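J.: Take a look at the letters that make up each chain.
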Amino acid sequence: MGSIFQIILQRLALGLVTLLVVSMVIFVAVNALPGDFAQAILGQGATEEAVTQIRADLGLDQNYFLRYFGWLGNVLTGNLGISFAQMNFASNMGGDQLVGVAEQIMPRFRATMFLAGVTAMIAVPISITLGILAALYRNSLFDRAVNIATLSSISSPEFFLAYILILVLAVLNPVFPSLSNVYDGMPLGEKLNRTMLPALTLTLVVTAHMMRMTRAAIINLLASPYIEMARLKGISPMRVIVRHALPNALAPIINVIALNLAYLITGVVVVEVVFVYPGIGQLFVDSVKIRDIPVVQACCLIFAAAYILLNLMADILSILSNPRLRHPK
Amino acid sequence: MAEQLLKIRNLKIEGRSDEVWNPIINGIDLDLKKGEVLGLIGESGAGKSSVGLAAMGFTRDGCRISGGSVEFDGVDLVTASAAVKRGMLGKRIAYVAQSAAASFNPAHRLLDQHTEAPVQHRVQSRSESELDGIELYQRLRLPDPDNIGFRYPHQVSGGQLQRAMTAMAMSCRPDLIIFDEPTTALDVTTQIEVLAAIRDIVEQFDTAAIYITHDLAVVAQMADRIKVLLRGDEVEEADTRSMLSDPKEDYTKSLWAVRSFKRPSKPAVLKGATPIVSLKNVSAAYGKSPVLFDVDFDIHAGRTVAVVGESGSGKSTAARCITGLLPPSQGHIEFNGEALPLDYRKRSKDQLRQAQMIYQMADTALNPRSRIGDIIGRPVQFYSGLTGTAKRKRVEELLVQIEMEPSLYIDRLPGELSGGQKQRIGIARALAAEPQFIICDEVTSALDQLVAEGILRLLAQLQDDLGLSYMFITHDLATVSAISDEVVVMKDGVLSSRVQKQKCSSHRTILIRIFCCHQCLK
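These protein sequence lines are chains A and B, in that order. Residues in the first sequence are numbered from 1 upward in steps of one, following the numbering used here. Residues in the second sequence are numbered from 330 upward in steps of one, following the numbering used here.
In short, the hints are calculated from the structure, not lab data. All figures in this text were calculated on a predicted structure; none of them were measured in a lab. Please note that the accuracy of each hint is not assured.
To be verified - Derived coverage of chain A by chain B (criterion: at least 3 residues anywhere in the stretch with Cβ under 8 Å from a Cβ of chain B; other residues may be distant):
| id | stretch |
| --- | --- |
| 1 | 235 to 242 |
| 2 | 269 to 281 |
Said to hold, decoys possible - Taking lysine to any residue pairs in the SDA-like style, the calculated list, with each CA pair at most 25 Å apart, reads:
| id | chain 1 | residue 1 | chain 2 | residue 2 |
| --- | --- | --- | --- | --- |
| 3 | B | 341 | A | 225 |
| 4 | B | 617 | A | 228 |
| 5 | A | 289 | A | 86 |
| 6 | B | 675 | B | 712 |
| 7 | B | 617 | A | 140 |
| 8 | B | 595 | B | 631 |
| 9 | B | 617 | A | 326 |
| 10 | B | 414 | A | 8 |
| 11 | B | 414 | A | 322 |
| 12 | B | 414 | A | 225 |
| 13 | A | 289 | A | 139 |
| 14 | B | 617 | A | 223 |
| 15 | B | 414 | A | 289 |
| 16 | A | 191 | A | 246 |
| 17 | B | 362 | B | 545 |
| 18 | B | 609 | B | 666 |
| 19 | B | 336 | B | 358 |
| 20 | B | 414 | A | 136 |
| 21 | B | 617 | A | 225 |
| 22 | B | 341 | A | 223 |
| 23 | B | 617 | A | 68 |
| 24 | B | 414 | A | 139 |
| 25 | B | 582 | B | 509 |
| 26 | B | 720 | B | 737 |
| 27 | B | 720 | B | 672 |
| 28 | B | 336 | B | 389 |
| 29 | B | 362 | B | 595 |
| 30 | B | 414 | A | 223 |
| 31 | B | 414 | A | 137 |
| 32 | B | 617 | A | 11 |
| 33 | B | 675 | B | 688 |
| 34 | B | 617 | B | 660 |
| 35 | B | 414 | A | 228 |
| 36 | B | 617 | A | 7 |
| 37 | B | 341 | A | 228 |
| 38 | B | 414 | A | 7 |
| 39 | B | 617 | A | 322 |
| 40 | B | 336 | A | 68 |
Ideal Cβ positions, reconstructed from N, Cα and C, are used throughout, including at glycine.
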């Protein structure tokens, strides 16, 4: 087992290095955006002095390196900074109740994680079951129907799927509410009820990948000698697939699941907008619009960390699914 | 008169390729009584495995049983429903596959796989079956039978896996076991152990068996009767003794005659002659794990040195050292008395040209996307600088040398050739560099006996015509006796003995000596 911990530590260290590189990319990219907060907030009629004044207030006039390392140092000590919008409001309108970016993002992030979690809970079991069944009845009518259904749902735009679901499940048959304005402290049942429509929409979006990878990974193995051996032992087809093929097909499936979970955390702005869901995606887009750099950077960093962490977990789980690595000679 | 167990009548099997169904088996009859062992023998492509699987009512993907009947204990497996067949498979008819390493599921422990069939068929409970498994492991003389079942397949050696698979086939005490070349993938020494274990257990439980192999020596040990197949047709069938002593058909006789090919002895090497290749105290390691220790031998001009040993003994590593693919950690390599740079990247083109290699798997050693003319033409151009028609002419010469008609083959892809022809292309590619020395790494072990013999004869002919020296890596002792002038035995990365062939009266002596060496080293 020693070697596995070594591998995990290595990957973890590599993940941290990646995160550092990503932080640089984020900083450069965000600063390469045309215009800045001062111009965005003051609009077209801005005077030169006002713009300079706001820039000086926010520290935007300092040199890039100073700002990057200042930001990096703050992030490393757990301080994500204060949103420009808040600072500007405070300096012009008075009031000293400044809320940090971390506190601002937290409820949004929790909501996003909740939505992603609910979606994963629905989508992962469904995709894997469908994938197994499609592999079992491969090339049958069932297989084709599942493929066509999942492929059409992934090919349709998310807002379109969302509106269809609203039409069917909220307007024609009022099962779930079409607005998903959840907030912290809402009872879990109510929260689940309101989250259901966005979660179902996202399920339709992510199922195809996972289901098709499960199917392909299993079918890939069906020609191997140990599957033939299992068949020749008189094992039932379902057991052949679940017990003999699936454990050996886990690595690619885990990787696709991780990619899709990362997508659920980082890429669901459209669904949030349609259902008025208070997730991190909306906050991110709004902040980009007004060039609120501390928020944008914090969101990017969270997205990157989510990607890296999920991929890391996928790597580790794939390693653990391989008996050669779990039980060395 | 024992009871009839299996009755195959006019069995026809077809395989699908390029949207057409081609016949694989054209009507074969087969009878097997309870407790009887039938040997099924033939080259690859003869349809042995197809017949063996059909005896279980099973065909591989892309094949179908197109006619005839397979009656097992009164039930026709061709027409039986999938559920009826599943009830028989594993329980009454079991299968032992060629490669145990590939046929055990890598994700489960041996004993878990062993108990699966008895538990699923409700023959035994899980705990009964585990105890029974341990007893079978004991009978098959597996080391540490109490615990070996708790290992994963990759933690167990090939020979042990093959015995564990035989135990697994025995788990429901079937009436019939199909053995599909169970020892082909093993080393000579392991082969004998596995064979003996299989023979004993089949006798103990009075199980009927169909034993599929291309190795006569094996089938003679195992079978009561032998059936010879050739391209989907039966050649002849007789009980083992009369088949061995008095084969009726020409094809059978030719199978028997393969083992008779033998090179005449060459005169002794002159004292003081410089060897073509000389390994001086060579040690080598893969990463940090050492595999070769202080190996030292010479290969003289126009001679064949066979390097034998079990897999993992360092034979191929020695070859990699000579070619410079794996620079030795100690020692050096001399070519015609001159020390070669250890790393192939530091050798001159001429030094590279002198030593060529022919590989075990011709399938993977040839680029499937290149035409034969390009495969051979590339080294011709690289080493001799010929281009255009001169290059093509040289390629044609080489094809003639390996006894393949240039106009027929020069524009083909490797996929359009048979295994033996692919290996010939491998030889031509090595010859294209006009080397003095060729390393043959198990070049015949993936081939049938008849085809292998053709390759050996060709190599011998080329040696006489061109004065080549060979380093012949093999674990097949019949090949050693056929072609070698000198034998080097390796074990665990150490050179354990050298035998001059002319000093031995016959190849038997070499065999005995080699086995003695093994015994001494154990």
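J.: Now look at each hint and say whether the structure bears it out.
T.: Hints, one by one, checked against the model:
Three residues within the 8 Å Cβ limit are the bar, and the stretch 235 to 242 of chain A against chain B gives 3, so the coverage statement holds. Residues of the stretch 269 to 281 of chain A lying with their CB closer than 8 Å to a CB of chain B number 0, which falls below the three-residue condition for coverage. Of the supplied pair hints, the one linking residue 341 (chain B) and residue 225 (chain A) holds, its CA atoms being roughly 24 Å apart against a limit of 25 Å. Taken as a hint, the residue 617 (chain B) and residue 228 (chain A) pair is broken in the structure, with Cα atoms around 38 Å apart against an allowance of 25 Å.
Restraint check for residue 289 (chain A) and residue 86 (chain A): the C-alpha separation of about 15 Å stays at or below 25 Å, so the hint holds. About 16 Å separates the Cα atoms of residue 675 (chain B) and residue 712 (chain B), which keeps this hinted pair within 25 Å; it holds. The hinted pair formed by residue 617 (chain B) and residue 140 (chain A) fails the criterion: a straight-line CA distance of about 52 Å is larger than 25 Å. Simply put, residue 595 (chain B) and residue 631 (chain B) have alpha-carbon atoms about 9 Å apart, close enough for the 25 Å limit, and the pair holds.
In summary, the hint linking residue 617 (chain B) to residue 326 (chain A) is supported, as the alpha carbons are separated by about 22 Å, within the 25 Å threshold. A distance of roughly 47 Å separates the Cα atoms of residue 414 (chain B) and residue 8 (chain A); the hinted pair therefore is violated under the 25 Å criterion. For the proposed pair residue 414 (chain B) and residue 322 (chain A), the alpha carbon gap of about 33 Å is over 25 Å, so the pair is violated. Between the alpha carbons of residue 414 (chain B) and residue 225 (chain A) the distance comes to roughly 19 Å, so the proposed pair stays at or under 25 Å and holds.
Of the pairs offered as hints, the one joining residue 289 (chain A) and residue 139 (chain A) is violated, with about 48 Å between alpha carbons and a cut-off of 25 Å exceeded. As the CA atoms of residue 617 (chain B) and residue 223 (chain A) are separated by approximately 36 Å, the hinted pair breaks the 25 Å bound. A distance of roughly 67 Å separates the Cα atoms of residue 414 (chain B) and residue 289 (chain A); the hinted pair therefore is violated under the 25 Å criterion. Under the criterion of a C-alpha separation no larger than 25 Å, the hint pairing residue 191 (chain A) with residue 246 (chain A) is inconsistent with the structure, at around 35 Å.
Proximity of residue 362 (chain B) to residue 545 (chain B) is assessed by CA-CA distance (about 22 Å); at most 25 Å being required, the pair is judged to hold. For the suggested pair residue 609 (chain B) and residue 666 (chain B), the alpha carbons sit about 11 Å apart, so the restraint of at most 25 Å is met. Note on residue 336 (chain B) and residue 358 (chain B): the hinted pairing holds, with a Cα-Cα distance of about 8 Å set against a maximum of 25 Å. Only pairs whose Cα atoms come within 25 Å are accepted, and residue 414 (chain B) paired with residue 136 (chain A) is accepted, the gap being roughly 18 Å.
Of the pairs offered as hints, the one joining residue 617 (chain B) and residue 225 (chain A) is violated, with about 33 Å between alpha carbons and a cut-off of 25 Å exceeded. Note on residue 341 (chain B) and residue 223 (chain A): the hinted pairing holds, with a Cα-Cα distance of about 23 Å set against a maximum of 25 Å. Proximity of residue 617 (chain B) to residue 68 (chain A) is assessed by CA-CA distance (about 44 Å); at most 25 Å being required, the pair is judged violated. This hinted pair checks out: residue 414 (chain B) and residue 139 (chain A) have alpha carbons roughly 23 Å apart, not beyond 25 Å.
Between residue 582 (chain B) and residue 509 (chain B), the direct Cα distance comes to roughly 23 Å. Compliance with the 25 Å bound is thereby established for this hinted pair. Taking the CA atoms of residue 720 (chain B) and residue 737 (chain B), the gap is about 17 Å. The hint holds against a cut of 25 Å. Of the pairs offered as hints, the one joining residue 720 (chain B) and residue 672 (chain B) is violated, with about 29 Å between alpha carbons and a cut-off of 25 Å exceeded. Our distance criterion of 25 Å between C-alpha atoms is met by residue 336 (chain B) and residue 389 (chain B), whose separation comes to about 21 Å.
Straight-line distance between C-alpha atoms of residue 362 (chain B) and residue 595 (chain B) comes to about 51 Å, which puts the hinted pair past the 25 Å bound. For a cut-off of 25 Å, the pair hint linking residue 414 (chain B) to residue 223 (chain A) stands: about 20 Å separates their Cα positions. Between residue 414 (chain B) and residue 137 (chain A) the alpha-carbon distance is near 19 Å, which keeps this suggested pair within the 25 Å criterion. Restraint check: the Cα-Cα separation between residue 617 (chain B) and residue 11 (chain A) comes to about 23 Å, which is no more than 25 Å; the hinted pair holds.
With a C-alpha separation of about 23 Å, the suggested pair residue 675 (chain B) and residue 688 (chain B) falls inside the 25 Å cut-off, and the hint holds. For a cut-off of 25 Å, the pair hint linking residue 617 (chain B) to residue 660 (chain B) stands: about 17 Å separates their Cα positions. Of the supplied pair hints, the one linking residue 414 (chain B) and residue 228 (chain A) holds, its CA atoms being roughly 14 Å apart against a limit of 25 Å. This hinted pair checks out: residue 617 (chain B) and residue 7 (chain A) have alpha carbons roughly 18 Å apart, not beyond 25 Å.
Among the hinted pairs, residue 341 (chain B) with residue 228 (chain A) is consistent with the structure: their alpha-carbon atoms are about 21 Å apart, no more than 25 Å. Simply put, residue 414 (chain B) and residue 7 (chain A) have alpha-carbon atoms about 46 Å apart, too far for the 25 Å limit, and the pair is violated. About 24 Å separates the Cα atoms of residue 617 (chain B) and residue 322 (chain A), which keeps this hinted pair within 25 Å; it holds. With a C-alpha separation of about 83 Å, the suggested pairing of residue 336 (chain B) with residue 68 (chain A) is violated against the 25 Å cut-off.
Going down the numbered hints, you'll see the structure goes against 2, 4, 7, 10, 11, 13, 14, 15, 16, 21, 23, 27, 29, 38 and 40, while the others check out.
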